[in-house]
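Trainee: Taken in sequence, the protein lines are chains R and Z. Numbering-wise (the working numbering), the first sequence opens with residue 1326 and increments by one. Numbering-wise (the working numbering), the second sequence opens with residue 1326 and increments by one.
Any given hint might turn out to be false.
[Claimed, not checked] Listed next, with one range per pair, are the computed distances between beta-carbon atoms:
(1) L1451/Z x D1510/R: 56 to 64 Å
(2) D1417/Z x P1458/R: 43 to 51 Å
(3) N1457/Z x A1516/R: 31 to 39 Å
(4) L1418/R x L1451/Z: 32 to 40 Å
(5) K1551/R x E1547/Z: 51 to 59 Å
(6) V1529/Z x V1540/R: 46 to 54 Å
(7) P1484/R x S1363/Z: 33 to 41 Å
(8) Q1470/Z x D1358/R: 24 to 32 Å
(9) D1555/R x G1389/Z: 54 to 62 Å
(10) L1375/Z x A1516/R: 56 to 64 Å
FYI, nobody ran anything at the bench for these hints, they're computed from the structure. Since this is a predicted model, take the numbers as computed values, not measurements. Even glycine gets a Cβ: it sits at the ideal position worked out from N, Cα and C.
Number of protein chains: 2
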Amino acid sequence: MGSSRNLTLYVDFFSQPSRAVIIFCRVNEIEADVHLVSLRKKESRQPPFLAINPLGQVPAIDDGGFTLSESHTIMRYLAATRKVADHWYPEDLEKRACVDRVLDWHLGNLRRGVAPYVVHRELAPLLGRTKNPTLAAEAEACLKQSLMTMETVWLKDSPFFAGGSQPSIADISSACELQQLKLLDKEESGALLAPYEKVKAWMVAVEEFTAPYFVEVHGELEKLAKILQDRRKSEAEGEVETAPKL
Amino acid sequence: MGSSRNLTLYVDFFSQPSRAVIIFCRVNEIEADVHLVSLRKKESRQPPFLAINPLGQVPAIDDGGFTLSESHTIMRYLAATRKVADHWYPEDLEKRACVDRVLDWHLGNLRRGVAPYVVHRELAPLLGRTKNPTLAAEAEACLKQSLMTMETVWLKDSPFFAGGSQPSIADISSACELQQLKLLDKEESGALLAPYEKVKAWMVAVEEFTAPYFVEVHGELEKLAKILQDRRKSEAEGEVETAPKL
Chain R
1326 MGSSRNLTLY VDFFSQPSRA VIIFCRVNEI EADVHLVSLR KKESRQPPFL AINPLGQVPA
1386 IDDGGFTLSE SHTIMRYLAA TRKVADHWYP EDLEKRACVD RVLDWHLGNL RRGVAPYVVH
1446 RELAPLLGRT KNPTLAAEAE ACLKQSLMTM ETVWLKDSPF FAGGSQPSIA DISSACELQQ
1506 LKLLDKEESG ALLAPYEKVK AWMVAVEEFT APYFVEVHGE LEKLAKILQD RRKSEAEGEV
1566 ETAPKL
Chain Z
1326 MGSSRNLTLY VDFFSQPSRA VIIFCRVNEI EADVHLVSLR KKESRQPPFL AINPLGQVPA
1386 IDDGGFTLSE SHTIMRYLAA TRKVADHWYP EDLEKRACVD RVLDWHLGNL RRGVAPYVVH
1446 RELAPLLGRT KNPTLAAEAE ACLKQSLMTM ETVWLKDSPF FAGGSQPSIA DISSACELQQ
1506 LKLLDKEESG ALLAPYEKVK AWMVAVEEFT APYFVEVHGE LEKLAKILQD RRKSEAEGEV
1566 ETAPKL
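Please build the complete structure, drawing on both the sequences and the hints.
Mentor: Here you go:
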């Protein structure tokens, strides 16, 4: 289905669900204006954006006056209202349910692991918060369980999630989530992912299938990852560093 | 749409997403065999059930050989394959997106508040775990933020979530989640909900719309809530009590 509506995406490139929606739009040639909402400047909590999404979270969209949030919901909606290849969100009810299942699992498991783990291992000071080891440990257990589920269930018999030979929106979403681990120390993220050969091959496959957009959209994250890695190196060498600029 | 397939629900009545699926089936007269999987006896982690759901979680379904898990996914799938009134999961793409949005919000917010809060304020010893005040405090903040969102966003202009004058699967799911607070001390759960008049009215409306099933399906939870409340009273009076039987 085509649409003549004007679509605006409200995103921050440091938000993993924002990146998923942008990649989904670019790979499917869905025309959209991209409006940056800086999480660092707390723009998502200010009235102009709250009129778009009263929850104060990115991503959100405005599709000809119809506003919507939650990245999985946005991708489901765009798959239904734009011309999008079937494998991203299949019409077949069983295949669709297999994608929905992974999307829901992601929110209750992978997100609950990755997001607080990265915050409480690394980002907290940049966000004006304090690292909390209890919350980091809880998140780590959830992250490791999620990686094990990816390796032994979702990717057991197929190169992409939900049993497909081509990716779905669930693959884009989870791959963007895992990329957040790039903000950790390289040795730490390497050790976390080391046991999961299928997960690592799947990350490459998602990046290749969505080329060049996956890499492009992660450019800002890669820059921050490099700044953080350089700072860790300086700190290890005993140099005094100011907090990096997000 | 009808279906001649044999449907089996795998559930535990102490699991809030299990209860949501059962209520949804009963209120829509969806024929199903109900197979109990005891979380207390760890049956969800044993091979017979892992063949149905390798994630080891309830609810799950077997629909004529097609197995599926994640309560929101199951309700979406059943709404599409059975004869179900449109308001539960609307065909209209914008209305459907509004329901999906709340379902996704629930997993990332309300569930992340209620479930760990109840565990770390009350249930942990029954589950062989230790109450953790840091995790309870984190969950409490998330729960209160979620209640505020329900009061000021989802229920701002309508008696049910997602803008409807009739409930959707998102209402059933969130109402079952909130019922979990019945396991807390009555004063504590009363104080938590006190500021949220619309939420309290909505709980009654969901219960009435799905009568008599909402109350029936919560029978086991109510029994446990009473046992726990009696135990608290005995403990306050200095009597020695053994752990209650789940």
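Trainee: Now, for every hint given, state plainly whether the structure supports it.
Mentor: Now for the hints, and whether the structure bears them out:
Evaluation of the 56 to 64 Å hint for L1451/Z and D1510/R yields a failure: the beta carbon distance comes to about 39 Å. At roughly 48 Å, the beta carbons of D1417/Z and P1458/R sit within the given window of 43 to 51 Å. In this structure the hint that N1457/Z and A1516/R lie 31 to 39 Å apart at CB is violated, the actual value being about 26 Å. In this structure, L1418/R and L1451/Z meet the distance hint of 32 to 40 Å, their C-beta atoms being roughly 39 Å apart.
Distance hint check for K1551/R and E1547/Z: the Cβ-Cβ separation is about 56 Å, which falls inside the suggested range of 51 to 59 Å. Look at V1529/Z against V1540/R: about 52 Å separates their beta carbons, and that is inside 46 to 54 Å. The hinted range of 33 to 41 Å is satisfied by P1484/R and S1363/Z, whose Cβ atoms lie roughly 36 Å apart. Checked against the given bound of 24 to 32 Å, the beta carbons of Q1470/Z and D1358/R, roughly 30 Å apart, stay inside it.
Look at D1555/R against G1389/Z: about 57 Å separates their beta carbons, and that is inside 54 to 62 Å. Separation of L1375/Z from A1516/R is about 28 Å and departs from the stated range, judged on CB atoms against 56 to 64 Å.
Checked against the numbered hints above, the structure breaks hints 1, 3, 10 and satisfies the rest.
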